[in-house]
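J.: Chain by chain, the residues:
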Amino acid sequence: MSDKKEWPLWEVFIRGQHGMSHRHVGSLHASDNEMAMKNARDVYTRRNEGVSIWVVEAQHISASVPSEKGPMFDPAKDKVYRHPTFYELPDEAGNM
Amino acid sequence: MYAQMVKSTGKGVQALEEMSREERAFQERIDRGEKIEPKEWMPDAYRKNLIRQIGQHAHSEIVGQLPEGNWITRAPTLERKANLLAKVQDEAGHGLYLYCAAETLGVSRDELFEMLHSGKMKYSSIFNYPTLTWADMGAVGWLVDGAAIMNQVPLQRTSYGPYARAMVRICKEESFHQRQGFQIMMVMANGSKDQKRMAQDALNRFWGPALMMFGPSDKDSVHSAQSMAWKIKMNSNDELRQKFVDETVPQAEYLDLKVPDENLKWNEETGHYDFSQPDWDEFYDVLKGNGPCNHERLEARKKAWDEGAWVREAMMAHAEKKAAKKQAAE
Ligand SMILES: [Fe+2]
Ligand SMILES: [Fe+2]
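So the protein lines, in turn, are chains A and X. Following the working numbering, the numbering of the first sequence begins with 1 at its first residue and continues without gaps. Following the working numbering, the numbering of the second sequence begins with 1 at its first residue and continues without gaps.
Some chain A residues flagged as far from chain X (calculated, every beta-carbon gap over 12 Å):
{"id": "1", "residue": "LYS77"}
{"id": "2", "residue": "ASP78"}
{"id": "3", "residue": "ARG82"}
DSS-like, lysine-lysine: derived pairs with alpha carbons at most 30 Å apart:
{"id": "4", "chain 1": "A", "residue 1": "LYS38", "chain 2": "X", "residue 2": "LYS39"}
{"id": "5", "chain 1": "A", "residue 1": "LYS5", "chain 2": "X", "residue 2": "LYS48"}
{"id": "6", "chain 1": "X", "residue 1": "LYS219", "chain 2": "X", "residue 2": "LYS122"}
{"id": "7", "chain 1": "X", "residue 1": "LYS172", "chain 2": "X", "residue 2": "LYS39"}
{"id": "8", "chain 1": "A", "residue 1": "LYS5", "chain 2": "X", "residue 2": "LYS120"}
{"id": "9", "chain 1": "A", "residue 1": "LYS5", "chain 2": "X", "residue 2": "LYS303"}
{"id": "10", "chain 1": "X", "residue 1": "LYS122", "chain 2": "A", "residue 2": "LYS5"}
{"id": "11", "chain 1": "X", "residue 1": "LYS302", "chain 2": "A", "residue 2": "LYS5"}
{"id": "12", "chain 1": "X", "residue 1": "LYS35", "chain 2": "A", "residue 2": "LYS77"}
{"id": "13", "chain 1": "X", "residue 1": "LYS35", "chain 2": "X", "residue 2": "LYS243"}
{"id": "14", "chain 1": "A", "residue 1": "LYS77", "chain 2": "X", "residue 2": "LYS39"}
{"id": "15", "chain 1": "X", "residue 1": "LYS39", "chain 2": "A", "residue 2": "LYS5"}
{"id": "16", "chain 1": "X", "residue 1": "LYS325", "chain 2": "A", "residue 2": "LYS5"}
{"id": "17", "chain 1": "A", "residue 1": "LYS69", "chain 2": "X", "residue 2": "LYS48"}
{"id": "18", "chain 1": "A", "residue 1": "LYS69", "chain 2": "X", "residue 2": "LYS231"}
{"id": "19", "chain 1": "A", "residue 1": "LYS38", "chain 2": "X", "residue 2": "LYS302"}
{"id": "20", "chain 1": "A", "residue 1": "LYS38", "chain 2": "X", "residue 2": "LYS81"}
{"id": "21", "chain 1": "A", "residue 1": "LYS5", "chain 2": "X", "residue 2": "LYS326"}
{"id": "22", "chain 1": "X", "residue 1": "LYS172", "chain 2": "X", "residue 2": "LYS81"}
{"id": "23", "chain 1": "X", "residue 1": "LYS321", "chain 2": "A", "residue 2": "LYS38"}
{"id": "24", "chain 1": "A", "residue 1": "LYS5", "chain 2": "X", "residue 2": "LYS321"}
{"id": "25", "chain 1": "X", "residue 1": "LYS288", "chain 2": "X", "residue 2": "LYS122"}
{"id": "26", "chain 1": "X", "residue 1": "LYS172", "chain 2": "A", "residue 2": "LYS38"}
Pulled a few chain A residues facing chain X out of the computed Cβ check, cut under 10 Å:
{"id": "27", "residue": "PRO8"}
{"id": "28", "residue": "ASN33"}
{"id": "29", "residue": "VAL65"}
The set of hints was computed from the structure by calculation and includes no laboratory data. Keep in mind that this is a model prediction, so the values were computed, not measured. Quick reminder that beta carbons are idealized off the backbone N, C-alpha and C, glycines included.
Here chain A stands alone, though its shape is the one from the complex:
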């Protein structure tokens, strides 16, 4: 292994069409944000896949921890009253 520093990793997000959110499409290496943007264009939008690109250096992203999936997401599971179907209404009330 050489001691040369690798170009940092960037995560790429693309808005596919007007009106949609940006979506994660993949990652790439680049020395800085300008190069990351150029590479993202060449690697991920060769066929008109986007109208807007975000690049974020991967080390700046905080991610939830897979092993803590339970405590993190389980509490939302038993709160059925957050869904409209929990509340039963008579047909006479019409669409609600």
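Let chain A serve as the given structure and place chain X with the ligands on it in line with the hints.
T.: Same frame as chain A, now just chain X with the ligands:
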């Protein structure tokens, strides 16, 4: 195919009862069709096998640019040149998607390159054959990309999330590759006598190596069972090879070209073509490094890597300087 001889580190498939609690939960997730994501727990052997397989696949995409790059400057028309350029650029993209997927398993890009350059990691044997005439661009797109597609389509369902997602992108882009190749073959096969002879010659030279892309026969491929249980391999080598032959032979007939196999014949009973196995001695020899272009391909890779080193370093130094300046200004 692109990953032809991935040696597994496992000792054969364990029964669920023999597994530790973690291993068992992991296997059950895979059996349920769940995707495994980076940073989630996985058996060490699963991780290692995947790094080898995805790495080999990525290297194949990158080295695979060389035989076709050979013809970019000599394409017969501007349109063909643009087509070929776009295809070769796609292959670079495929390599990049796959390297990124491998990196999520905890190996760095530089480590992967170094393993390729030192010969520790392989790439597909098919790219060690020369591309001698323009008709070879037709044969490569038609047969080599055709064989690649056959292997990559089922891998879209593989158990490792980043690998599966890379495969989805790749498959979307791949079909143009095969179609442009077949179209080159159509033009050549319907052209002058010399052009038709070139098309036939390209088929003659690429048929055997294309069959080898699927890897050794099932009875000789000892590492498949565990990979199948982990869903990092979806079909057996022989199964895919048969499928490739069944789809390709009618296409050759359409071109009025002859598949170079005396034993090739439709088998009414099985509903498949019978065909001869490729020369497996040649296959192992090419894997060992003795193919016609092994040396040339690897040298080209190393040269590009070494001669680009100063650029990579300069760009990094520039980025660091820029960042420092920005910080000072704030
Ligand atoms: Fe490819
Ligand atoms: Fe391709």
